[in-house]
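Chains as they are written, first to last, in the working numbering: chain A, 1 to 266; chain B, 1 to 410.
Just so you know, these hints were derived from the structure itself, not from any lab.
Watch out, some of these pointers could steer you wrong.
Derived pair list, reagent style PhoX-like, types lysine-lysine, alpha-carbon separation capped at 25 Å [stated by the list, open to error]:
1) B/Lys408 / A/Lys258
2) B/Lys31 / A/Lys258
3) B/Lys408 / B/Lys231
Chain by chain, the residues:
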Amino acid sequence: MRKYYVSAAVAAAALCAGALGVAAESVSNFDNEYALPTREWHFQGPFGTYDRAAAQRGYQVYAEVCSACHSMSLLYYRNLMELGLTENQVKDLIKDIQVPDLSDDGQPIDRPAKLSDHFKKPFPNALAAAAANNGKAPPDLSVIVKARAGGPNYIYGLLTGYVPYDELKPEQIKAFDVSKDDNFNKYFPGHKIGMAPPLSDDKVQYADGTKATLDQEAHDVTEFLAWASEPHMEDRKRTGIRVILFLLALAGMMYAVKRAVWSDKH
Amino acid sequence: MATSHGTPPVFNNKVIAWIDHRLPVFSYLEKEYHTFPTPRNFNYFWNFGAIATVMLVLMIATGVVLATNYQPNVLMAFDAVERIDRDVPQGWLIRDLHMNGASFFFIAVYIHIFRGLYYGSYKAPRELLWILGVVIFLLMMATAFMGYVLPWGQMSFWGATVITNLFSAIPVIGQSIVDWLWGGFSVDNATLNRFFAFHYLLPFVIVAVVALHVVALHIHGSNNPLGIDPKGPQDTVPFHPYYTMKDGFGVVVFLIIYAGFAFFAPDYMGHPDNYIPANPLVTPEHIVPEWYFLPFYAILRAVPDKLGGVIAMFGAIGVLFILPWLDTSRVRSATFRPIYKWFVLLLVVDVIVLGFCGAHPPEGFWVPLAQIGTIYYFFHFLILLPILGKIERPLPLPPSIADAVLKKAG
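Chain A extracted, bound-state conformation (with noise of 0.2 Å):
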C-alpha cells in the first residue's frame, strides 16, 4: 500500500509541477537583455500590506504628474479613504478638481469632484487621449500593475529604465533603430516607448519630508499602483490564513478519523 502512495504522491506532484511550469513559462517569454530588477515590495509574501505613507506619496506622484495623460477610470476618490487617508483629508485633495458633468437643465458644466466620482480622466475620450499623444491613447493605471509581466517590478523598472539617447552603444541605436527624438526604455518591449521620461529628482514636492528622488518617486507611485490595481489584497490574505489554517486543522481530524475507521482493515 505503502508504495502505492509513495507512486501516487509523485506522479500528482510531477503533474502540478508540470502544469504550473507551463502557466509560469506562458507569462515569462519575452526576450530582453536587460532583466527587470527585483526589488522589495511592502506587499509581496503571505503577509504583505500596502505601505500607506509610500502609497500616499505615490497618489500625490499620480494627481500630480501621471494623471496629466493617464486615467484611472476604475477607482474613485473615496477609496483614498482606504490608504489611511481620513474623510477631510481626501477632501482637502481633491478640493480643486473640476469633474464634468450635467447641470438640472441639461447643460455641460464643470463642478468640484465629490468622493463619490470616478477619478478624473484626462481626456474625454480615447480618440482625443490619442490625438493628443502621437496617435496612441495613454493606457488606463487601474489595473496596471497586474496587467503587465513582472508585475510592480516592470512598472518600476519602465518608470527608472531610461537611457539617454546619447548614453546608447551604437549596436543598440542600430538594433532598435533609435533616433534622436525616440525614448528608450530598457525595459519596455522593443525599446522605443512614447512617454517621454515621466519622473526625476524633485518632480514632485513630498509633504512628509521625504527626499523626492527618481527612485523614491517610482517606488511610491508603484505602491500606489499596485494597491489600486489590487485594492482587497490585504483582506484576501488575511482571509487566506484563516481559511488553510481552518483547512489544515480540518484535515488533521479527517485523516485521524479516516485512521481510525480504516484500522480494522489493515
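With chain A held as given, fit chain B onto it using these hints.
Relative to chain A, chain B alone:
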C-alpha cells in the same frame, strides 16, 4: 455483485419512511453511497472523482453568484468583472475562487484521467463509463473556453478569435460556420452575449453527464489499483464510512493547495494581458490559451497545415473515445504490465512537454519538439497500444484483492 445490494433498508424515522415509500431517495442513498460495496484497496488516486465533483459544485455555486453581478456586453464586461473585484461585497473572493477553481478543476480531472489510463479503468465492462468521462472533459473544455472570454480582456478576445477561426479550416462551409458562431463578422457583442449564455448552460449539462457517469460507475463498481474484480465481501468495504472518510480527507488536502493559489497567488495561472481591456485593433505579441489547453494548442500548431492542425487537435481528444478498443491487453492495471507501465508514464511526460511547446511561440526548436510530441501522442494510442497488448507478457495477477492487501500488510 455490485448490482445486488441486499434487502432494502428499514427507516425508523416515520417521515423518512413515508417519503422513501413514495420516492426512494433514501433507499437510493443507502444503497449507492452507504452499503455500496467498494474495492478495499483504493489508493489516493481514487480520490479525484470526488474532488472533481466538489470542484464542479464549487464552480457552479461561485459562477451563479458571479453571473448576478456580470454584464455580457462588450462595453461593460471588463469593468463589470473589475467591479465585482472592487465593489461587490466579497466579490473578489468569489471571483478568485471561480477563476482558480477552473484551473484546479482541470488539475483534478487530468489526474483522474491519468488514473484511468494507468489502471486501465476504461476496459470492459467500463467502456461507456470512460466515454461519458471524455464527453465531460469536452464539455469542460468548451465551458472553460467560453468562460475565459467573459472578462473581455485581450486574451479573452484574441483567444476567442483564434479558436473560433479554427472552424474556418473546414472546406466550403467553414467561414459560414465561423460567422454563425460569432453571430456576426467578427468576435463582438453577439459572440460575448451567447458565450455567456452557453457558459451558464453547459455546467448543468456537465452535471447531467456526471450523473450518467456515476450511474455507469455503479453498475460494475469502481476499478481498483490491481485491476482485478472483487470476488466477494472479503474484497470490498462499504462505501460509507470507509471511502466517505478517505475521499473527505483527500478533498480537504486538495482544497488546501487550491486555497494556497486562490488566496496567495490568484493571478499566477492567468495571463497579465487579460487585465488589458479587449482591443480588436491591437494583437497581443503571443496569443496563448489557458494552461490546461496548452498541450492541445501545441498539437494544433505542430501540423503545418491549418485543417490538418485542427483535425489533429480534435483527433487528440477523439482518440480517447476509441481507447477501450485500441488497448488490446486484457490486463487492466499497469502494475502488472511491465512495458505499458513505462509508456504510460512517458505519455504523461509527452503531454507536459507539449504543454511547454504550447506556451512558447512556435519558433526555433519548439516547432520540431511539438511535432515529435504530437507524433508520439498518436503513436502511443494508435500503434503502441494495439501492438503492446499482443506482445507484452503481463505479470501474474494476484488471486484476489483481499489476498494481495493482506499479504502486503504482512
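Quick rundown of the hints versus the structure:
{"no.": "1", "hint": "B/Lys408 / A/Lys258", "result": "holds (20 Å)"}
{"no.": "2", "hint": "B/Lys31 / A/Lys258", "result": "holds (21 Å)"}
{"no.": "3", "hint": "B/Lys408 / B/Lys231", "result": "holds (18 Å)"}
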